[in-house]
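Trainee: Here is what each chain is made of, one letter per residue.
2 protein chains.
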Amino acid sequence: MAFDDPVAELSAYASHPSVSADSSFAQGMTGARHYVTSLLRELGFSVETIETPMHPILLATRGDPSWPHLVVYGHYDVQPADPLDLWTSPPFEPEVRGDRLYGRGAADNKGPQIVHMTALARVLQRNPELPLRITYLIEGEEEVGSPSFKGFLERYKDRLDAEMVLVSDTGSPNPEQIVITTGLRGLVALEARFKGPAMDLHSGVHGGPVFNPLRAVSEVCASLHDEEGNVAVPGFYDEVSVPADWERDELLKMPQTEEEYLGFIGAPGFKPSSGYNSLESVRFGPTLEFNGIGGGYQGEGSKTVIPSEAFVKITCRLVPNQKEGVIASLVKAAIEERCPPEVSVEVSVTGGGDPYVVIPPGKPGSSGEESPLLKRAFSAAEQAIAQSFGSSPIFMREGGSIPIIGDLKEIAGLDSLLIGLFTPADNLHAPDESFHLGIMEKATTAFESIFEDLAGPT
Amino acid sequence: MAFDDPVAELSAYASHPSVSADSSFAQGMTGARHYVTSLLRELGFSVETIETPMHPILLATRGDPSWPHLVVYGHYDVQPADPLDLWTSPPFEPEVRGDRLYGRGAADNKGPQIVHMTALARVLQRNPELPLRITYLIEGEEEVGSPSFKGFLERYKDRLDAEMVLVSDTGSPNPEQIVITTGLRGLVALEARFKGPAMDLHSGVHGGPVFNPLRAVSEVCASLHDEEGNVAVPGFYDEVSVPADWERDELLKMPQTEEEYLGFIGAPGFKPSSGYNSLESVRFGPTLEFNGIGGGYQGEGSKTVIPSEAFVKITCRLVPNQKEGVIASLVKAAIEERCPPEVSVEVSVTGGGDPYVVIPPGKPGSSGEESPLLKRAFSAAEQAIAQSFGSSPIFMREGGSIPIIGDLKEIAGLDSLLIGLFTPADNLHAPDESFHLGIMEKATTAFESIFEDLAGPT
Numbered sequence: 001m002a003f004d005d006p007v008a009e010l011s012a013y014a015s016h017p018s019v020s021a022d023s024s025f026a027q028g029m030t031g032a033r034h035y036v037t038s039l040l041r042e043l044g045f046s047v048e049t050i051e052t053p054m055h056p057i058l059l060a061t062r063g064d065p066s067w068p069h070l071v072v073y074g075h076y077d078v079q080p081a082d083p084l085d086l087w088t089s090p091p092f093e094p095e096v097r098g099d100r101l102y103g104r105g106a107a108d109n110k111g112p113q114i115v116h117m118t119a120l121a122r123v124l125q126r127n128p129e130l131p132l133r134i135t136y137l138i139e140g141e142e143e144v145g146s147p148s149f150k151g152f153l154e155r156y157k158d159r160l161d162a163e164m165v166l167v168s169d170t171g172s173p174n175p176e177q178i179v180i181t182t183g184l185r186g187l188v189a190l191e192a193r194f195k196g197p198a199m200d201l202h203s204g205v206h207g208g209p210v211f212n213p214l215r216a217v218s219e220v221c222a223s224l225h226d227e228e229g230n231v232a233v234p235g236f237y238d239e240v241s242v243p244a245d246w247e248r249d250e251l252l253k254m255p256q257t258e259e260e261y262l263g264f265i266g267a268p269g270f271k272p273s274s275g276y277n278s279l280e281s282v283r284f285g286p287t288l289e290f291n292g293i294g295g296g297y298q299g300e301g302s303k304t305v306i307p308s309e310a311f312v313k314i315t316c317r318l319v320p321n322q323k324e325g326v327i328a329s330l331v332k333a334a335i336e337e338r339c340p341p342e343v344s345v346e347v348s349v350t351g352g353g354d355p356y357v358v359i360p361p362g363k364p365g366s367s368g369e370e371s372p373l374l375k376r377a378f379s380a381a382e383q384a385i386a387q388s389f390g391s392s393p394i395f396m397r398e399g400g401s402i403p404i405i406g407d408l409k410e411i412a413g414l415d416s417l418l419i420g421l422f423t424p425a426d427n428l429h430a431p432d433e434s435f436h437l438g439i440m441e442k443a444t445t446a447f448e449s450i451f452e453d454l455a456g457p458t
Numbered sequence: 001m002a003f004d005d006p007v008a009e010l011s012a013y014a015s016h017p018s019v020s021a022d023s024s025f026a027q028g029m030t031g032a033r034h035y036v037t038s039l040l041r042e043l044g045f046s047v048e049t050i051e052t053p054m055h056p057i058l059l060a061t062r063g064d065p066s067w068p069h070l071v072v073y074g075h076y077d078v079q080p081a082d083p084l085d086l087w088t089s090p091p092f093e094p095e096v097r098g099d100r101l102y103g104r105g106a107a108d109n110k111g112p113q114i115v116h117m118t119a120l121a122r123v124l125q126r127n128p129e130l131p132l133r134i135t136y137l138i139e140g141e142e143e144v145g146s147p148s149f150k151g152f153l154e155r156y157k158d159r160l161d162a163e164m165v166l167v168s169d170t171g172s173p174n175p176e177q178i179v180i181t182t183g184l185r186g187l188v189a190l191e192a193r194f195k196g197p198a199m200d201l202h203s204g205v206h207g208g209p210v211f212n213p214l215r216a217v218s219e220v221c222a223s224l225h226d227e228e229g230n231v232a233v234p235g236f237y238d239e240v241s242v243p244a245d246w247e248r249d250e251l252l253k254m255p256q257t258e259e260e261y262l263g264f265i266g267a268p269g270f271k272p273s274s275g276y277n278s279l280e281s282v283r284f285g286p287t288l289e290f291n292g293i294g295g296g297y298q299g300e301g302s303k304t305v306i307p308s309e310a311f312v313k314i315t316c317r318l319v320p321n322q323k324e325g326v327i328a329s330l331v332k333a334a335i336e337e338r339c340p341p342e343v344s345v346e347v348s349v350t351g352g353g354d355p356y357v358v359i360p361p362g363k364p365g366s367s368g369e370e371s372p373l374l375k376r377a378f379s380a381a382e383q384a385i386a387q388s389f390g391s392s393p394i395f396m397r398e399g400g401s402i403p404i405i406g407d408l409k410e411i412a413g414l415d416s417l418l419i420g421l422f423t424p425a426d427n428l429h430a431p432d433e434s435f436h437l438g439i440m441e442k443a444t445t446a447f448e449s450i451f452e453d454l455a456g457p458t
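Those sequence lines, one after another, are chains G and C. Read in order, the letters of the first sequence are residues 1 to 458 in our numbering. Read in order, the letters of the second sequence are residues 1 to 458 in our numbering.
Hints in this document: simulated from the structure, not taken from any laboratory. Only true hints are included.
Since the list gives no way to pick out one identical chain from another, each pair is judged satisfied if it fits inside one copy or across any two copies.
For lysine to aspartate or glutamate, the following EDC-like pairs were computed, each having C-alpha atoms within a straight-line distance of at most 16 angstroms:
hint : residue 1 : residue 2
1    : K253      : E176
2    : K303      : E191
3    : K303      : E143
4    : K363      : D245
Quantities reported herein were computed from a predicted structural model and do not represent experimental measurements.
With the hints as constraints, model all of the structure from the sequences given.
Mentor: The following block contains the structure:
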């Protein structure tokens, strides 16, 4: 049986260098896709390879149309491995050291996929006719922003007449404490380019009357937060919903204090927005963040120049019920209005996605109209994780964004159960990425229970 | 006689690629130095080559110690010629087209040196025993900031027991209107580095409590000017002297309106500091200019990062009687005080020089104690330029800085007569640099008169 040694399976899967961002890794992409295709076929799935403008998506199905229908999402692509010299062992020659398997993609997202599949293999070995219809969606562009996924959903939504999605592509604080992610922040990305003089000018010969575009970018950016640390854009907070009491209570269970968090970040201090402590503001508050500011001389020493141009790259993180289109317009308008008249500005909106939230069935605020499978999945996951890991999962929103989760909701009407299997120690997107073998084993046991529960009589 | 054809002399001088910034041009530096040495010897000078850590300085002398003693300054090095593909003819193969000679260094500073020498050659031909002692200082590091010049002055100041310096390394507005530069702004260069989190952070996973160093650099920079466009640093203007009425009157003679200046700059508008119009503020007002701001993602598209660091490079231009050391301390203290406590900042002062001003003898505010030679030189220059160019020179400060002029004053006690022979159309430091042959001819005639006058009985 192929899944007798899941660490070996993961090692084989992670040995394919499936870097989606770099076309010189085309062979690695193909290798990983073929490998996971063979695993799915071994589990009895019928696998289709759906072409996209970039990397194909695998659409795999098993089961009878009359059975409850679950979608499982994963991605076979990985982040680039640079800088290579910081890896202890080569990124695409997976190696077990201590209680971890090291290799690019081990945790993000190949390990969690092997967990799901191994659990399913064990369940199917005991009950080959498990009455659970499963559709696997495994894409190859997650690490480059899933540009083809939304179009794919539009085309294939008829095939997704399911009740929920299962995803393990989020994090948990440590190998003992699992988090079920109940919300993801939305995103708005903007770029503003400020233009002053027609050309770079000598700051001695012309300094005085010329309004430096670096002064404009500074003044506009400085105006976008108030002294309390809140975003100073009219209307920005209008649709923000406050977190429920149970959400604040869940957060208190997280095994990290504010002091520990500050120590990890290594800054002189924190400045969360009004009404939130630092741990809350990441999860419940929206942000307006400067990701890059530039203009003028960037090299060593000094150069006496008044630059012609300056730019700022901004992303806002959104919380329910902010809408990406509304926030993009508000921020764009604020920048345009506040740009001094001696400088011109062009603001472009370069991307976005709405926030996503799923209230666990039965918690205050839940509708009670969730699909039977989703209700059962939350309850099964809570029990299985408590049993396997020794402590109940924490139900908690996280600060990041996974736009495809919102897309699955919007286009296919599907809510997601997000069970986090990687931890901060796993070094995602960094050298020496690894997956914790203890989590792997316990999570596999938990998912056996979950799959069996989902297939039970409703 | 070597100076019968000054255009040919300039062409030969400019054919040596004497780029001081690039060590691969060592041969061009030597060639230019040998060439100008031969010219000076032909004029009867005794020439010494003074070694420095980088490029040698030529120290050349003629005349009797009992005669009035004039120092003439010039530089044999030139700016790099890149981008080469924007030149109509090769930068180091000088070519006459129309009324200009094109080539790197033609205007900055080889052409003006040929003007001086040709005038001197003609005067000496008429009167070989011209009773004027002249010390030539021709350096090879002007285009890289004259790092060796101050040390040279300290070592050789006994040889500079002169009464004044003559320099032609400043500008005039057009070939009909010559400016005698009466002041240069001083300079303070600073760099501030802001540090927030210990490492770059994911702006989704950690955005909220973290004080982004790009926000810190924006807020601090935005605080450094007020709404009227003035520098908002306590004490910054304390020592600033207002220009004399005659200086404002002289400015009215400049053949450029504010509208024309704005059209040249190509910005939507001007914002001079309080009390000055745009043409005045360049010459009479101090500035605090952002030469470069950077931090976070600088590439295409977006990257969801909270950067660990941000920087700003600042230069202030100073006017009499601001002192570089005082202003550097005030700006440094303001940045440090205004940096939010959640971010740390380190401010370093990277360079500077005091402003320089020489009040033309006889103008209101002049001391009356100027050296006889300086008095005579200003008067002789005014008359000779009026006669040769058909209009009197304008006596005007300019916005740029030439630190060696201040050094000559401070170390050798020498004021300078700065007669500007290049114009904005000469493309200094840019492709297709050229020198105007009409200016060359008229200025040579003017300098003949000036040298003869200086040698006359005092």
